[in-house]
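Participant: Those protein sequence lines, which keep their order, are chains A and B. To get my numbering, take the position in the first sequence, counting from 1, and add 1393. To get my numbering, take the position in the second sequence, counting from 1, and add 1393.
If you're looking for bench data, these hints aren't it; they were derived computationally from the structure. Keep in mind the model is a prediction, meaning the values are calculated, not measured. Some hints here could point you the wrong way.
List time: in silico DSSO-like cross-link candidates among lysine-lysine, alpha-carbon distance up to 30 Å [as the list claims (entries may be wrong)]:
1. A/1791 x B/1493
2. A/1788 x B/1493
3. A/1718 x B/1788
4. A/1493 x B/1791
Protein chains: 2
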Amino acid sequence: LARINPLSGFPEWLPGGRIVEQQVLDTLRRTFELHGYTPIATRAVEPLSQLLRKGETSKEVYLLRRLQADDSAAPTDSDLGLHFDLTVPLARYVLENAGKLHFPFKRYQIQPVWRGERPQDGRFREFIQADIDVVGSGQLPAHFEIELPLVIADAFAALAEFGVPPIRISVNNRKVAEGFYRGIGLDDVAGVLRAIDKLDKIGAAGVTAELVALGATAEQAAACLKLAALNGHQISNAEVIAQARAVAQSYGAATELFETGLAELAALAAAADQQAPGVVVVDLKIARGLDYYTGAVYETALVGHEDLGSICSGGRYDTLASDGKATYPGVGLSIGVSRLVARLLGAGLVTPSRTVPAAVLVAVNDEPSRAASDQVAAQLRNRGIPVEVSPSAAKFGKQIQYAERRGIPYVWFVGESDQVKDIRSGEQVAADSQTWVPPQEDWWPQIQSTGAQAGSVPSVAVQSGSAK
Amino acid sequence: LARINPLSGFPEWLPGGRIVEQQVLDTLRRTFELHGYTPIATRAVEPLSQLLRKGETSKEVYLLRRLQADDSAAPTDSDLGLHFDLTVPLARYVLENAGKLHFPFKRYQIQPVWRGERPQDGRFREFIQADIDVVGSGQLPAHFEIELPLVIADAFAALAEFGVPPIRISVNNRKVAEGFYRGIGLDDVAGVLRAIDKLDKIGAAGVTAELVALGATAEQAAACLKLAALNGHQISNAEVIAQARAVAQSYGAATELFETGLAELAALAAAADQQAPGVVVVDLKIARGLDYYTGAVYETALVGHEDLGSICSGGRYDTLASDGKATYPGVGLSIGVSRLVARLLGAGLVTPSRTVPAAVLVAVNDEPSRAASDQVAAQLRNRGIPVEVSPSAAKFGKQIQYAERRGIPYVWFVGESDQVKDIRSGEQVAADSQTWVPPQEDWWPQIQSTGAQAGSVPSVAVQSGSAK
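Chain A on its own, in the form it takes in the complex (with noise of 0.2 Å):
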């Protein structure tokens, strides 16, 4: 094993990397479950044919195939392939179990995703998503098209206590935009979605030469570029809602789903300005590729690091899953774990208090009396304190140099009286094993806010593969 190169697009980290991330990840899974959450899992693969349902995305599956496969058994449309994300298993798992679930079924699940992309692309080819859905039965109320930006809000708002920055949710509905296309007379609605999707990146002008291209006049596309324009960046949502109601009845656009889509949105928009104030901003040019939207549509910047692209997006979906009896209507919001992490590391934005759990490392006297540190770390693990055992029974000033390399705030010394060292402050006293505790704040491996500028890379991240 000569050399080790690491694999450009499959991120790892150091062990207080790993720490942050899993700080992160309890947070998420701990404010799901708050909000009634279920958790699943679901395997790896699904059959090829599943993912490729929605074609756009077949260029990146990673198919598999084992290494001594029958050379004989030709390819077949039970192919195995890794899913690029939660959303495909999800529907082929409510499918699946239907009769076994209850709906409105509600389900949080986060595990790693994978994407084929070419190595030269800079882009993470594994990564983290924690997913929540609601996927109903027949019917999906739109209440919970107002549930999920606000589980998401609270999510982040726990996750800010210990230094994640703030987020932004720009939500739109796909009906405003819809029934205003169809309104002004533009019935390729997928179309005129895909080209407003590109307004950050090609501009007014080049969005125009799309929409002209698909056979929209000038007229109609300066009409879609004026919905679009409409945002609560500047102002309150409200007034971008009074606002786009006044531009659809300017182009005679204001139809019944126009309407539908835009009380709606205001509702959305009430109830997070009340339960969640700034987070979440209405947003008309918010079109997001995928055909499927039908409701609702979301994406999520991180607050001054907007160049990270959405760390969480989704929508309402009318058919996620329909298995010719019912249909399966569902609302989603993803979140790019591993993006997020990426930038916390990367910029230096949080760092662990320590790279390991334990709070005390007991030190060993000599070898022969290592029986009785272990009853010592024994009797605090009892108790909920995580513990180590000095590895040898080198002099104290090694062993406290142990402790201190890893981050391990105090050194038990075990005698006739023990006693426990804070490490830090040299402060030493006599300790009963069966009653001390640490302060709660040394318990366990704390995150904290470095206030970092972007740019400084730690020590606890190991990164191989861009957010980009």
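Put chain B on the given structure of chain A with help from the hints.
Facilitator: Coordinates of chain B only, in the frame set by chain A:
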């Protein structure tokens, strides 16, 4: 999407089953962290050259290819495969990051692994492993060979609290076997170990035939079997150690290596007898097939479920990794979590108290007042209570049924003064959302022993792949 077929060998669980699995995983993680093991996660893929280092398992590897890969690109040794265990990734991770890790490096890792078994074999092709390893740089004290099985014993003691059967860890030491075999003149140690490893399968006569085929005399074969017959299932571990020494001396096989190994084994047994009485059993037939073990070896039975095979195996390896400059010895144990959970669910040994996280369903009086129910829910969640809001403002009977189906114990009614009903007892009392808390045992889903007989399959299990 006409039909959904579960994929054989890729187990998935219904939400209640996932809640059980999570409780198992959380318990393992907590135990590992209490013992100071630090978390890492590695990417799912490794270069094929890494995966094939051990030769033996080559048929079990899943290789990846991008669906849209250039046909012109010839396969190279940088081809990627899914890891089939967590040891190969650990070895690579240690070499890649050696300069940034602190040794001895104590890490745990809980992730899925994949093995490209033939579908018809009925084996798991994807399953979760939970590994602990200690890796030294240059050297690794033998006391870690004592520590590791005691951590596992601790983990299963914690699992036993919610109904997981107890375990029995069988231990041996490669030095005992090798020292003995060499002492009686058998130098093909790996060959003898492979034969002894089959003792339970092919019996003494079969092993004798294999040993003779390796060039052993009938007397040498009998000596190997005499040593292998010693175990602590009927007698104490200390007696096994004494008998082993007597057998070795009677054959003139008490070599220095044998005595070193026996002393290590005696120390392990003595510590285990004291700290986890009855869990660790010295068993001199334990060989473990893999060539690279050099000290303690372990395998673990779930008591009453010995047919499962070993659910936690491992050992000491003097060369986990080596980069030419430094050698990294290690000792590790790996729990087959999916195999364990499949049995817990499949045999109905444990059951979750509910299939969703929520302890409370807040009823909705009518859609216009949904915001009032949302506010109660937010207040309860602020104090850490998992809550759902009713998806519809149907008649209260319907809303209570929603809670009943999921096992949610409390329904909250919003009014001039709020009331909360325990739907199991029917008891309904006035309650304040700023102060009310559920009893501790209702707060989060609990996993309970059912005392079930093997054979009954509860509804939490969706098993598509046997644990064999």
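Participant: Would you check the hint for residue 1791 of chain A and residue 1493 of chain B, treating anything up to 30 Å between C-alpha atoms as holding?
Facilitator: Distance ~19 Å between residue 1791 of chain A and residue 1493 of chain B Cα, so the pair holds.
Participant: Against the 30 Å threshold, does the CA-CA distance of residue 1788 of chain A and residue 1493 of chain B hold or violate the hint?
Facilitator: holds, 24 Å
Participant: Does the alpha-carbon distance linking residue 1718 of chain A and residue 1788 of chain B stay inside the 30 Å limit?
Facilitator: Distance of about 27 Å is within 30 Å: holds.
Participant: With a cut-off of 30 Å on the C-alpha distance, tell me whether residue 1493 of chain A and residue 1791 of chain B pass.
Facilitator: holds, 19 Å
The structure meets every hint from the earlier list without exception.
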